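Undergrad: Chains as they are written, first to last, in numbering that gives the first Met the number 0: chain R, 0 to 357; chain L, 0 to 357.
Any given hint could turn out to be false.
If chains are identical, the list can't say which one is meant, so a pair holds when it fits in one copy or spans any two.
Stated by the list, open to error - Below 20 Å or equal to it, Euclidean Cα-Cα: the simulated EDC-like pairs (lysine to aspartate or glutamate) are: (1) K261 with E336; (2) K11 with D158; (3) K261 with E335.
What the hints contain is simulated information worked out from the structure, not anything from laboratory work. Being a predicted model, the structure only gives us computed values, none of them experimental.
Spelled out, the chains give:
There are 2 protein chains.
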Amino acid sequence: MDENIDKLLKHKVSWLANCGPDDDIAISSRIRLARNLEGMPFPVAAKIEILNQARGAIELAVRNTACFKKDPVVFELEKLSELDKQVLLERRLVSEEFIEDGQGAGIAVSDDEIFGIMINEEDHMRIQAMKPGCQLSEVWDAVNAVDDKLSEELPFAFDSNLGYLTSCPTNVGTGMRASVMLHLPGLVLAEQVDAVIHGVSKLGLAVRGIFGEGSNNLGNLFQVSNQSTLGESEAQIIERLDAVIKQVISHEKNARHSMLEKKQNFLLDHVGRAYGVLRHAYRISSDETLNSLSALRLGVDMGMFSSVDIQTVNELFVIIQPAHLQKYAKRELDSEERDTYRASLVRDRLRSIDNNKH
Amino acid sequence: MDENIDKLLKHKVSWLANCGPDDDIAISSRIRLARNLEGMPFPVAAKIEILNQARGAIELAVRNTACFKKDPVVFELEKLSELDKQVLLERRLVSEEFIEDGQGAGIAVSDDEIFGIMINEEDHMRIQAMKPGCQLSEVWDAVNAVDDKLSEELPFAFDSNLGYLTSCPTNVGTGMRASVMLHLPGLVLAEQVDAVIHGVSKLGLAVRGIFGEGSNNLGNLFQVSNQSTLGESEAQIIERLDAVIKQVISHEKNARHSMLEKKQNFLLDHVGRAYGVLRHAYRISSDETLNSLSALRLGVDMGMFSSVDIQTVNELFVIIQPAHLQKYAKRELDSEERDTYRASLVRDRLRSIDNNKH
């Protein structure tokens with residue numbers, strides 16, 4: 000057990016706060032920048048000594064530049080347990096590929112989890128910033144500042160024609176992947192989400208479920224991101240992405256309003272039953288929880304529940320996942336035990352939510 | 000709309016009170032006596048003038064003898080709307096066959112619904128008494144007293160060898176059908192109910208679902224009754240039936256205790272989810288309501304809910320049925336409207352139930 004992981008667990012996840020623009024539908028905005036150190040082989044081709052050397056240099060630069068503005072929390076991946084790695088994944092601080100192999104890899108995060116750097120993932124650095132709501136420009140400013148600070152200390156691999164050089168050619172250029180996490184229960188219930196995804200894809204953007212490949216519509220959470228990193232400036236990419244996301248948000252709002260007008264009882268029933276299950280079940284799977292939380296979040300956004308802390312609902316999306324449950328329980332839990340523990344956790348957290356229309 | 004029906008609807012159903020012996024499992028006890036008037040053809044063979052004559056004589060005797068101890072409420076079946084007839088059926092005051100054809104038929108009930116007489120059903124009279132819990136002897140005393148009083152005024156068709164003569168040979172003798180309504184969710188959940196039903200049937204007793212043929216285990220409510228009416232005295236029949244029912248009750252208790260010991264979370268989850276649905280759904284079918292009420296009743300009996308009025312739960316089994324809903328709504332409701340109205344009624348009634356372990 001790494002005590003720094005326990006420290007993270009004690010904080011609220013700040014990018015899940017409900018204080019960003021369009022936070023009724025946009026949960027969070029994230030930008031990741033791929034950066035590599037000049038004159039060093041990419042991690043995939045590097046020996047362990049080189050990886051360690053790169054990691055050491057990056058950690059030092061993070062501390063020296065105070066690029067997160069606060070002291071960073073730093074982890075060396077090989078020292079983390081499987082469970083702790085999963086916690087970082089569930090908090091969206093690292094990628095799935097990253098935690099599969101740990102030799103020479105590391106993570107530096109700000110303790111509010113707004114900033115994070117994966118060290119020696121596919122590239123020497125993946126610098127990320129994450130904020131609540133739909134605010135890609137602000138996130139860009141934040142991550143750009145970290146990038147600038149680090150570039151004062153570290154020599155970045157950069158080509159004046161191509162831009163930033165990356166391990167995988169799909170990231171060359173800006174090295175930027177910007178994404179917004181959207182909650183789209185209205186479009187899913189109205190069976191319009193496939194059409195919207197199709198339309199967004201045709202504009203050269205990617206849409207996928209949040210919980211990994213094949214997770215489909217789990218929790219009705221979708222991530223919309225740019226596909227190309229070349230031929231446009233960061234600002235242009237963000238502007239284009241932002242415009243599309245605003246459109247998706249407007250489609251989602253229309254779907255909700257139309258359902259509230261034409262199928263009010265269906266909607267109330269959908270939300271009410273989900274709340275009933277979350278509030279009173281004693282065993283609940285991860286999938287059922289995510290989908291029920293989605294319905295509850297919809298109900299909260301639509302004013303069906305008073306005195307509600309939407310951040311509680313947002314946070315539940317993260318903390319009902321297996322690694323978080325086991326950290327809270329302070330022991331390993333098998334699948335059945337997790338279902339019981341998850342139900343108990345959800346009941347406890349929701350007890351404070353008053354239900355003003357029931 | 001018959002105003003006497005409205006009067007019934009305003010009262011709590013007294014045989015659904017939770018004040019009888021073994022009322023955690025036995026909801027109510029009922030005895031019906033088949034009686035016919037000497038010298039008159041059975042209703043199936045009688046012309047309308049004869050039916051009217053029989054009905055008149057019986058109504059008069061009911062009033063003259065004050066056999067219900069209070070003024071009876073009397074209905075002539077042909078004057079009742081289909082909806083009002085269904086209300087009587089849902090309150091278990093009449094049989095399904097009885098309300099199919101109404102010419103010359105009638106009903107007399109005490110306003111607490113403990114006593115009722117179907118006039119010109121298969122026999123000239125089916126005298127019934129119903130009380131909460133498992134108390135067949137007390138019900139026998141009650142119905143026997145009514146029978147005695149009426150026999151002072153009315154000449155009953157009786158043969159010194161055969162006993163009471165009835166339209167259908169299966170009722171000849173005592174003319175008595177005694178039954179107890181049992182709530183057996185434990186046996187159903189433990190998948191032992193079929194074995195118990197089989198065992199009871201082998202003892203010459205009948206077990207069937209409450210909500211008509213093919214209703215199976217709806218609400219986990221079962222009616223156990225005597226099959227034979229000949230060759231034993233009423234007391235003997237009741238004693239035998241009562242002994243078997245006590246055994247079924249003990250099986251049900253064992254099933255519950257064993258489940259609470261070995262599968263506590265399964266049980267809590269089953270009850271909790273049912274409560275969640277009843278408390279928060281906005282559309283709910285009759286079948287789902289009955290099955291969820293069964294789980295809730297189990298939870299109440301097992302102490303999962305405090306400050307609970309079990310009579311509320313018992314009554315819901317009756318009043319969520321279609322005719323009651325439409326009487327409360329004061330208009331015809333189609334199936335979809337009933338599901339919405341039912342959900343609203345259930346939410347309202349359960350709002351007062353505090354849930355002390357959630």
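Undergrad: All hints, please: hold or fail.
TA: A quick look at each hint next to the structure:
In this assembly of identical chains, the alpha carbons of K261 and E336 lie at most 20 Å apart only when taken from different copies (15 Å versus 41 Å within one copy). With identical chains, the CA atoms of K11 and D158 are never at most 20 Å apart, being 40 Å at best within one copy and 85 Å at best between copies. With identical chains, the CA atoms of K261 and E335 are at most 20 Å apart between copies only, with a shortest distance of 15 Å across copies and 40 Å within one.
In this structure, only the earlier hint numbered 2 is contradicted, and the remaining ones agree with it.
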